[in-house]
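Make the full structure from the sequences, and use the hints.
As they're listed, the protein sequences go chains A and W. Here the working numbering is used: the first residue of the first sequence is 733, the next is one more, and so on. Here the working numbering is used: the first residue of the second sequence is 733, the next is one more, and so on.
Read the hints as simulated data drawn from the structure, not as lab findings. Among the hints, erroneous ones may be present.
If several chains are the same, the list does not tell them apart, and a pair holds so long as it fits within one copy or across any two.
[What the hints assert, rightly or not] Cut-off 25 Å, straight-line C-alpha distance, at most; resulting in silico cross-link-like pairs (SDA-like, lysine to any residue):
1. K758 x A817
2. K758 x R784
3. K851 x D838
4. K758 x P884
5. K937 x V964
6. K758 x Y912
7. K851 x S834
8. K851 x W835
9. K758 x I819
10. K851 x E943
11. K758 x D821
There are 2 protein chains.
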Amino acid sequence: MTTDYHIIGNYISPYVRKVLVCMELKSLHYTIDPIAPFVGNERFSELSPLRRIPVLIDGERVINDSSVICQYLDELHPRPSLYPADIGDRAQARWLEEYCDSWLGDVVIWGMFYQKGVKRYLFGEEPDEAVIARARDEQLPVALDYLESQMPAEGFLFGEISVADISIASFFRNAAFVRYAVDAQRWPRTAALLERTWALPAFGKLGELEERSLRTPLPEQRKMLRELGAPVSAETLGTSPPRRGVMRLE
Amino acid sequence: MTTDYHIIGNYISPYVRKVLVCMELKSLHYTIDPIAPFVGNERFSELSPLRRIPVLIDGERVINDSSVICQYLDELHPRPSLYPADIGDRAQARWLEEYCDSWLGDVVIWGMFYQKGVKRYLFGEEPDEAVIARARDEQLPVALDYLESQMPAEGFLFGEISVADISIASFFRNAAFVRYAVDAQRWPRTAALLERTWALPAFGKLGELEERSLRTPLPEQRKMLRELGAPVSAETLGTSPPRRGVMRLE
Chain A
733 MTTDYHIIGN YISPYVRKVL VCMELKSLHY TIDPIAPFVG NERFSELSPL RRIPVLIDGE
793 RVINDSSVIC QYLDELHPRP SLYPADIGDR AQARWLEEYC DSWLGDVVIW GMFYQKGVKR
853 YLFGEEPDEA VIARARDEQL PVALDYLESQ MPAEGFLFGE ISVADISIAS FFRNAAFVRY
913 AVDAQRWPRT AALLERTWAL PAFGKLGELE ERSLRTPLPE QRKMLRELGA PVSAETLGTS
973 PPRRGVMRLE
Chain W
733 MTTDYHIIGN YISPYVRKVL VCMELKSLHY TIDPIAPFVG NERFSELSPL RRIPVLIDGE
793 RVINDSSVIC QYLDELHPRP SLYPADIGDR AQARWLEEYC DSWLGDVVIW GMFYQKGVKR
853 YLFGEEPDEA VIARARDEQL PVALDYLESQ MPAEGFLFGE ISVADISIAS FFRNAAFVRY
913 AVDAQRWPRT AALLERTWAL PAFGKLGELE ERSLRTPLPE QRKMLRELGA PVSAETLGTS
973 PPRRGVMRLE
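Shown next as structure tokens:
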């Protein structure tokens, strides 16, 4: 069994971040191809039938879907386990992960990050302010009310850090990229959990690479990441963005 | 630990079907509230934050998301296990399940079943023929090419029946509802796997309830299902459809 994994996926994706945080917490070695979002050649299509990131390459094996990858890594490297020991808690952790992947994916990524960041800076299109307003002012508060109802008074959701905390913190990183901060008066437990989770060294280490990725034109990202010590692979499955934008998000 | 489970969700949903087949294969007892699709009162919203079906009620515990529910039931009742023993195979089974849940959900459910069945017969709207044509003639053939590449020459995908076979067979049941049959000349392994999986008694038993559900107006469904011996609960979280249609699908 190898622990030299390869990840295809950019640091700015919350789905990639989930997997990388899991790998960091498990001290797994990996290389990464920080393929530009919405880019990817024919080989990428072969590896990722839905053209999604991340993809995990483990020797001959190709694993798709961030949730599947996290579970796979946890089964191969069970310490520390990122899934609660209790079967019911484990189901709830997986549900919260799914809630993030699907609903925060819609609201935070497509409704906010894509509109304010990707659309303008990669595709040169104007954001749809009505979509942003609906996501930020209507949908996200409802989601935060729900998450707040699930949050612990202290510590992590299920005692030890789990895939649920990691998922929630990963998605709200992308909200932070577009200057959205969770109101700690209104959702105090959620805001505190985010702070606790982001304070983990794994999130801190990735945070620098994310921030710099957002501020570096795509053709220069690999060089920049390498200079920061990121384990960037020599080969890539896609670098050319539709437009050489720098995401100066505000 | 109780094995008296309760399921909220209609027999015509492929996500509900996945869970029910798992329960049948594990000989678990359950009651069901065959809540009408796209219906559900306030209590349903509390139990299902994204207003999706199925929901599993296990005593005090509420479990959302069909994939989470199947995994939960498998961990509580591991025989027969519906997840392959090998960690890599297990990841692949989960990926194929996710492929069905997300992509066949888009193509088969939203692109075909919703258009040809639900839209017309529940909402009284005309199907969008362009959406149907794209799903049936462009997207589904690509999906079938991919699935065919994963299929075994005989038996099930990972030897014993698993959540992957169940997922694929569940989604293609809904394609069959709108008279779509997988071309056995073009995709022989997939067509054969579907036949093998549908031949399981669990699928057969549910099949009768599905067919009759499609042919019975929603207000009469509970009575009809009870007469057929289905374990329909006394209480319901939603029965009133927008329109009292019978889905005579063609």
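Provide an ascending list of the numbers of those earlier hints which the structure does not satisfy. Checked against the structure, the only hint that fails is number 6, while the rest are satisfied.
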